[in-house]
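Q: Sequence:
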Amino acid sequence: MNPENVRKLEAYGATVVQKSHTPLSTEEAKAIRDAYYTLGQGFKVAVEVTLIAADKGLVEVGEEVIAIGGTGSGADTAILVKASTTSDMLGPDKAKRLEVKEIIAMPRKKWWE
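To get this note's numbering, take the position in the sequence shown, counting from 1, and add 5.
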């Protein structure tokens, strides 16, 4: 990320994560990843950044957050999501599960079209 953009975001109080695991990139998560891709790459990314933030303790499990995702050409998707860690996103404790509450914005044209 451009250092100037990082500086501006941090000046507003944001925590910038530039290097992290990608929880939906594993072979075990392929079916989940592919299901999210049906809603667009940005949707999958928005879910994934929520998982990363919860895994790193930057948001609380169960907290409702707005997550933004997109492609290499920019952000195109915003969702309201109940945060979860990767290990709890589909777990037995319903209070800790990931839950997409609203789709705020999503492109009609998908990356594969």
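Simulated from the structure, these hints should not be mistaken for lab results. Be aware that a few hints might be false.
[As the list claims (entries may be wrong)] Quick list of in silico lysine to aspartate or glutamate cross-link-like pairs, DMTMM-like style, CA-CA up to 25 angstroms:
no., residue 1, residue 2
1, LYS61, ASP98
2, LYS35, GLU104
3, LYS61, GLU107
4, LYS101, GLU69
5, LYS115, GLU65
6, LYS61, GLU9
7, LYS24, GLU69
8, LYS99, GLU65
9, LYS87, GLU33
10, LYS101, GLU32
11, LYS114, GLU68
12, LYS115, ASP98
13, LYS99, GLU15
14, LYS61, GLU104
15, LYS24, GLU68
16, LYS114, GLU65
17, LYS115, GLU68
[What the hints assert, rightly or not] If you anchor each label on the Cβ, the simulated ranges turn out as follows:
no., residue 1, residue 2, range
18, ASN7, GLY96, 19 to 25 angstroms
19, ASP39, ARG113, 18 to 24 angstroms
20, GLU15, LYS115, 30 to 36 angstroms
21, LYS24, SER78, 19 to 25 angstroms
22, SER92, LYS114, 30 to 36 angstroms
23, LEU95, VAL21, 27 to 33 angstroms
24, ALA19, GLY77, 17 to 23 angstroms
25, LYS114, GLY62, 32 to 38 angstroms
26, PRO112, ASP39, 25 to 31 angstroms
27, VAL105, GLU9, 28 to 34 angstroms
Just so it is clear, the structure is predicted and the values come from calculations on it, not from any experiment. Even glycine gets a Cβ: it sits at the ideal position worked out from N, Cα and C.
Q: Tell me if the straight-line CA distance from LYS101 to GLU32 falls inside 25 angstroms.
A: 23 angstroms, holds
Q: Is the straight-line distance between the alpha-carbon of LYS87 and that of GLU33 25 angstroms or less?
A: Holds, at about 22 angstroms.
Q: Need the status of pair LYS114, GLU65: alpha-carbon distance at most 25 angstroms?
A: Violated, at roughly 33 angstroms.
Q: Take a quick look at whether LYS24 and GLU69 sit within 25 angstroms of each other, Cα to Cα.
A: Status holds; Cα separation ~23 angstroms.
Q: Between the alpha carbons of LYS61 and GLU107, is the straight-line distance 25 angstroms or under?
A: 23 angstroms, holds
Q: Need the status of pair LYS61, GLU104: alpha-carbon distance at most 25 angstroms?
A: 18 angstroms, holds
Q: Hinted pair, alpha-carbon criterion (25 angstroms max): LYS115, GLU65. Please report holds or violated.
A: 31 angstroms, violated
Q: Are the Cα positions of LYS35 and GLU104 separated by 25 angstroms at most?
A: Roughly 19 angstroms between the alpha carbons, so the hint for LYS35 and GLU104 holds.
Q: When you take the CB atoms of VAL105 and GLU9, is the distance between them in 28 to 34 angstroms?
A: 32 angstroms, holds
Q: Quickly compare the C-alpha distance for LYS99 and GLU65 to 25 angstroms and report which way the hint goes.
A: 15 angstroms, holds
Q: Okay, ASN7 versus GLY96 on CB: inside 19 to 25 angstroms?
A: 37 angstroms, violated
Q: Given the hint that LYS24 pairs with GLU68, does the C-alpha gap stay at or below 25 angstroms?
A: 23 angstroms, holds
Hint violations for this structure: numbers 5, 11, 12, 13, 16, 17, 18 and 26, all remaining hints satisfied.
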